[in-house]
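Chemist: I would like the entire structure built from these sequences, with the hints used as guidance.
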Amino acid sequence: MGRFVARRLLQMIPVFLGTTTLIFFMVRVLPGDPVAAMWGDKAPDPAQVAAFKHRMGLDKSMIQQYVDYMANLFTGNFGQTMAGRKVIDVIGEALPVTVRLALLAFAIELVLGVAIGLIAGLKRGKSVDKGTLLFTLLLISIPVPVLGFIFQNIFATNLGWVTPTVQDSMNLGQLLLPAVVLGSLSLAYVARLTRTSIVENVKSDYMRTAVAKGLPKRKVIGTHLLRNSMIPVITFLGTDLGALMGGAIVTEGIFNVKGVGNALYHAINLKEGATVSGFVVVLVLVFLAASLIVDLLYAVLDPRIRYA
Amino acid sequence: MPDLIEKKNAAIPAQRGADSAEPKPEKARSLGLDAWHDLRKRPIFIVSALLIVLLVLIAAAPGLFTSVDPRAGDLRNHYLTKPDWSDVFGAGWFGYDGQGRSIFARVIYGARASVVVGICVTVGVTVLGGLSGMLAGYFGGWVDAVVSRITDIFFGVPLLLGALVILNAFSVRTVWSVVFALVALGWTQMTRVMRGSVITVKQADYVTAAKALGAGTGRIMFKHILPNAIAPVIVVATIALGGYIATEATLSFLGIGLQDPTISWGIDINSAQKVIRTAPFALFFPAGMLSITVLAFIMLGDAVRDALDPKLR
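Protein chains in written order, with our numbering: chain A, 1 to 308; chain B, 1001 to 1313.
None of these hints come from the bench; they were simulated from the model. For clarity, every value in this text was computed on a predicted model and none was experimentally measured. Hints may be right or wrong, so weigh each one.
[What the hints assert, rightly or not] Quick partial rundown of chain A residues pointing at chain B, CB under 8 Å, derived from the structure:
no.: 1; residue: Val15
no.: 2; residue: Val144
no.: 3; residue: Thr157
no.: 4; residue: Met207
no.: 5; residue: Gly246
no.: 6; residue: Leu264
no.: 7; residue: Ile268
[Claimed, not checked] Here are the simulated distance ranges between beta carbons:
no.: 8; chain 1: B; residue 1: Lys1211; chain 2: A; residue 2: Leu73; range: 42 to 52 Å
no.: 9; chain 1: B; residue 1: Lys1274; chain 2: A; residue 2: Phe155; range: 18 to 28 Å
no.: 10; chain 1: B; residue 1: Gln1099; chain 2: A; residue 2: Gly84; range: 53 to 63 Å
Ideal Cβ placement from N, Cα and C applies to all residues, glycine included.
Modeler: Written out as structure tokens, the structure is:
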């Protein structure tokens, strides 16, 4: 177990380096000069621009900047924004909001998605099952911005249950509606994956054995069926947590949540290389951690999988 | 983690081998033909195929459906003349947008961007991902190690975020820049599927037989392995097509996808969001068309998967 974790951690290093390198160069080769843009419509003073670039280390070669950036990264220094704020402070402000939003969405899709998929899978071919397939198909085909506006209109504008936009980004109750919108697409996928998996497993030998030896239905479904059907779902959920955090751009925009998506969107538009890279580093770490946890969960769910 | 996906896909060719071994009274059918016979009987396939034919027709020849110029704004219709239901197929059928342009004409002309992006991205990722997956799966060893690490790296970059960064590099963005960004970020998904599929097919007896008969690498890869390994890729690609259309609309909605002279449902949804209270119809029609389009392609993908995966029959 310990050796497996160590090996996986080692394997993560090239992925981590690769992803951060990819984003670092992608952001920096963008045309447009973020420093000159600070002067707005006025012509920038070349001397001032040069001095500023020197102070920010932007006058060095791309490779040198990259080496400096990576070296700083390992000491926890994420650099600073063009306006002189520490990137780590910007991240520290936005990250807790998005972690809450993403975890809330994650909980919704996990609980509702598995429940819906389980019911549909057990009642295969019945109207509940057909209804679920139709409902998930609709959720998948309505794009997130549209779904966001529909929910905003129904629950905030017409019913008045919540405010149309989030006032306090740290308030879990206010984050509920954005979380439903954010998690809806994945909810549909989780429900469908669970359903397929349940349908496949429900006819298996161990299920017949479990029923034949007279186990109560709750136990047959909970311990035997569900546990064996969860592996594809867990695989999906593992990659989804990172995607939820990075993909919240639209939802955060519609509901005015001051999270990672919001901050990233502005940083990309302003070509704030250090800020974009900083957020991506954090997102990649979340993604890698989630995939490690998924691998470990396989062994919990299926005792045949052993990590020596 | 990829192993599990591979195992699922592995069932497809294995099952197929068993099927063809059974004596059949009629002429033996290939998997593709078999799937086609199965598909034709499914209502979900017929509905989605008809919708897609209609959409492709709209995209190819929007002039057949409306004679109104989608870019002609008549400010007498500003602000947002309500839909005129009696004006079927006319300029005012779906009302007018904030600049007095016919929403019906814009909805019709908007189909082209979505369909072109969807199809081109799907073809691009299938070719790129299929080739790289084939190489990784067939040769194994260091080729596999390199390709797999590259796919790992791309998997860590969220699609929307990566697309934002790439598209920011284009000062003028057309359909092709969006296609480029989505292909660049999406091909690794197909690589994984193809790689897993090739690895299982590679071990089949007919591949060994072909090798024993002295077939060259190219012949084995493209004549023997490719036709038997492509099914899962086709399934994933068809389902992903709808997703690419939704992503294009999302990017255009964020103002980082297509740009104005191009007509896109995403752009129209974006401009309609400001007037959602006073003129919900301006949002409803482009959003509805977008959802129907995505729905049609996802339904098609579902039907194709059921037809190609005999386990679910």
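Chemist: Each of the hints needs a verdict: does it hold here or not?
Modeler: Hints versus structure:
no.	hint	result
1	Val15	holds, 5 Å
2	Val144	holds, 6 Å
3	Thr157	holds, 7 Å
4	Met207	violated, 17 Å
5	Gly246	holds, 3 Å
6	Leu264	holds, 6 Å
7	Ile268	holds, 5 Å
8	B:Lys1211 to A:Leu73: 42 to 52 Å	holds, 48 Å
9	B:Lys1274 to A:Phe155: 18 to 28 Å	holds, 20 Å
10	B:Gln1099 to A:Gly84: 53 to 63 Å	violated, 41 Å
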